[in-house]
Amino acid sequence: MSSKPLVYLAGPLFSDAERSYNSFLKHLIGTHAEVYLPQEDGLLITDLLGAGMSVEHASRAVFKNDINAIHRCDILFILLDGRAVDEGAAFELGYAYSLGKTCISLQTDFRRLAPFGNNPMLTGAISRSFSSAEDAVAWIRDFEAKGIASKSRG
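In the working numbering, the protein residues as written are 1 to 154.
Keep in mind that the hints are not guaranteed to be accurate.
Stated by the list, open to error - Cβ-Cβ distance ranges computed for the label pairs, FRET-style:
| hint | residue 1 | residue 2 | range |
| --- | --- | --- | --- |
| 1 | S23 | S54 | 26 to 32 Å |
| 2 | S15 | S132 | 17 to 23 Å |
| 3 | A84 | G147 | 34 to 40 Å |
Don't read these hints as lab results, they were simulated from the structure. Keep in mind the model is a prediction, meaning the values are calculated, not measured. For glycine and all other residues, C-beta sits at the position ideal for the given N, C-alpha and C.
Using the sequences and the hints, build the whole thing.
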């Protein structure tokens, strides 16, 4: 069993730019934690459909795979950049919060959905928010130093 925490990186993964930034973050975080990035470590619906799986079965497989990863994680790290928060990432945040997982966020984009900031249903689930990737990674480094790794993994 690894002593490094497992971080589930939740965010949009539909454009080349989003996937590139996600991979960049995984690399940064990876020096201090194991990282589960759905686009690289999970199932992709396009691959499953291309292999002949029905939409219903492919969707269910992706859902179950990512839910299992959230159960194993120590930290849910959500990317809040963009005009609107990715719907899947918002669900993943709420699910992780309901399991008692530590939830943190990164928002480098200054746009907000409301004049008072992000939706309270998002911010209420987030224990720490960061405006730079470097600050978020430093926090994860400190989390790792405390030796807090989930007993549910192994």
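Hints, verified against the model:
no.: 1; hint: S23 with S54: 26 to 32 Å; result: 29 Å, holds
no.: 2; hint: S15 with S132: 17 to 23 Å; result: 22 Å, holds
no.: 3; hint: A84 with G147: 34 to 40 Å; result: 37 Å, holds
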